[in-house]
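Based on the provided sequences and hints, a complete structural model is requested.
Chains as they are written, first to last, in this note's numbering: chain Y, 1 to 156; chain W, 157 to 411.
Just to be clear, a hint being listed does not mean it is correct.
Label-pair ranges, simulated between beta-carbon atoms [what the hints assert, rightly or not]:
no., chain 1, residue 1, chain 2, residue 2, range
1, Y, P39, W, P303, 38 to 46 Å
2, W, L249, Y, T124, 38 to 46 Å
3, Y, P39, W, D301, 50 to 58 Å
Bear in mind the hints are in silico, worked out from the structure with no lab data behind them.
Every value quoted in this text rests on a predicted model; they were computed, and no experiment measured them.
All C-beta atoms in this analysis are idealised placements derived from N, C-alpha and C, irrespective of residue type, glycine included.
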Amino acid sequence: MAGSRPSPPKCSASVAVVALVLAAALPCLAGEEPRDAIPDSLTGRSGDPQRGRAIVLDRQHGLCPLCHGGLATGRLATGRSPQGDLGPDLSGVGRRWTAGQLRLRIVDPSRLDPGTIMPSYARTEGLARVAPAFSGRPILTAEQIEDVVAFLTTLQ
Amino acid sequence: MCRLLVAGLLLWSLAAAAEIPLAERRSGAAMMGPDLRAMQEDDSANPAGLWLLDGAALWSRRLGEAGQSCADCHGDVTTSMAGVAARYPVVDLAGGPPMDLEQRINLCRTTRQQAPALALESRDLLALTGLVARQSRGLAIAIDDGPAAQPFIAAGRALFLRRQGQLNLSCAQCHDDNWGRHLGGAVIPQGHPTGYPLYRLEWQGLGSLQRRLRNCMTGMRAEPYAYGSAEAVLLELYLRWRARGMPMDAPAVRP
Chain Y
1 MAGSRPSPPK CSASVAVVAL VLAAALPCLA GEEPRDAIPD SLTGRSGDPQ
51 RGRAIVLDRQ HGLCPLCHGG LATGRLATGR SPQGDLGPDL SGVGRRWTAG
101 QLRLRIVDPS RLDPGTIMPS YARTEGLARV APAFSGRPIL TAEQIEDVVA
151 FLTTLQ
Chain W
157 MCRLLVAGLL LWSLAAAAEI PLAERRSGAA MMGPDLRAMQ EDDSANPAGL
207 WLLDGAALWS RRLGEAGQSC ADCHGDVTTS MAGVAARYPV VDLAGGPPMD
257 LEQRINLCRT TRQQAPALAL ESRDLLALTG LVARQSRGLA IAIDDGPAAQ
307 PFIAAGRALF LRRQGQLNLS CAQCHDDNWG RHLGGAVIPQ GHPTGYPLYR
357 LEWQGLGSLQ RRLRNCMTGM RAEPYAYGSA EAVLLELYLR WRARGMPMDA
407 PAVRP
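Listed below in structure tokens is the structure:
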């Protein structure tokens, strides 16, 4: 189709390299503090998967379908899926990752890949030129992040 | 040791994301369906034609303290302005900051016609800019990238690479690294400004490249660059240089 790439994008090669490197590095990281997960709830409580689902599916709030597939979000008027493909498909994500691993990937995905396009959902510092309406605010609060983690773990 | 290896390879993978090779560049028009392309190419169907009619009337209207029209100095727009828009923004040989086409038109108004500058993004300025840009349709974008221009192009590229806003995104992450993929239901274009000012169905009107940049920045939850600001013109200069050699299709139609 017009506009599609003739060949796989360079960045997927980069992503593959990063994944390989991380896999190779895991044994030597095993003895250190866990870098691949945030095991404890940010609020000390479990989130609510129903609220989490509403946040995840909201393109203005959780923003997830802008980049990720695997979320049931219906069709656009054009017949096209309203889900993006910039990030991994989230089908079965709760089978692939623990709650702690999901939490880290939402709170600080750059800890796993400094070049990732995915923003930190918790960060308020170290950002450039944030619009005044969003200044000093994270994309999601700690409670909302826990709700999202609770929902994602149900995607089996 | 392991950490060093991880860090080194991560850096290498970051460096691998790079500019789109010249031969792989595609304009937004190439990603559109045949209906929109036909609308763009047919002067009687292209909605920007309404602005061009206004622009032609403005071209020959005498105004300002000098009582002069554009035509009094420049004559027939179809000959005097052929290829002009393809060279903008231009860099001042005296080392001053780059100037885009809108600013150049306003400079003519204030110095030659001795009339007030038109408001940026106003209908009259878009009409005149569109009329001038139309005279470069089909011609290759030819941005001067000589020694005087290099620092400004580099500064524009730095803005293109800078992560901004609450979503912490750079222009390059979408338009260099992920073009052709989808953001929501929309295909991400490479972002080559071949057709500005252009008619966007989403806007129901003609708009400038700077308006489009502001839309993207709003989506990144960043504070948009003000119209005519130094940053906006630098980014415009870099993007036009990045599209060097590509044919102009202004005033274009886009979804």
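We went through each hint and held it up to the structure:
1. Y:P39 <-> W:P303: 38 to 46 Å: About 56 Å separates the Cβ atoms of P39 of chain Y and P303 of chain W, which means 38 to 46 Å is violated.
2. W:L249 <-> Y:T124: 38 to 46 Å: Taking Cβ atoms as reference, L249 of chain W and T124 of chain Y lie about 45 Å apart, which means the hint holds.
3. Y:P39 <-> W:D301: 50 to 58 Å: 53 Å, holds
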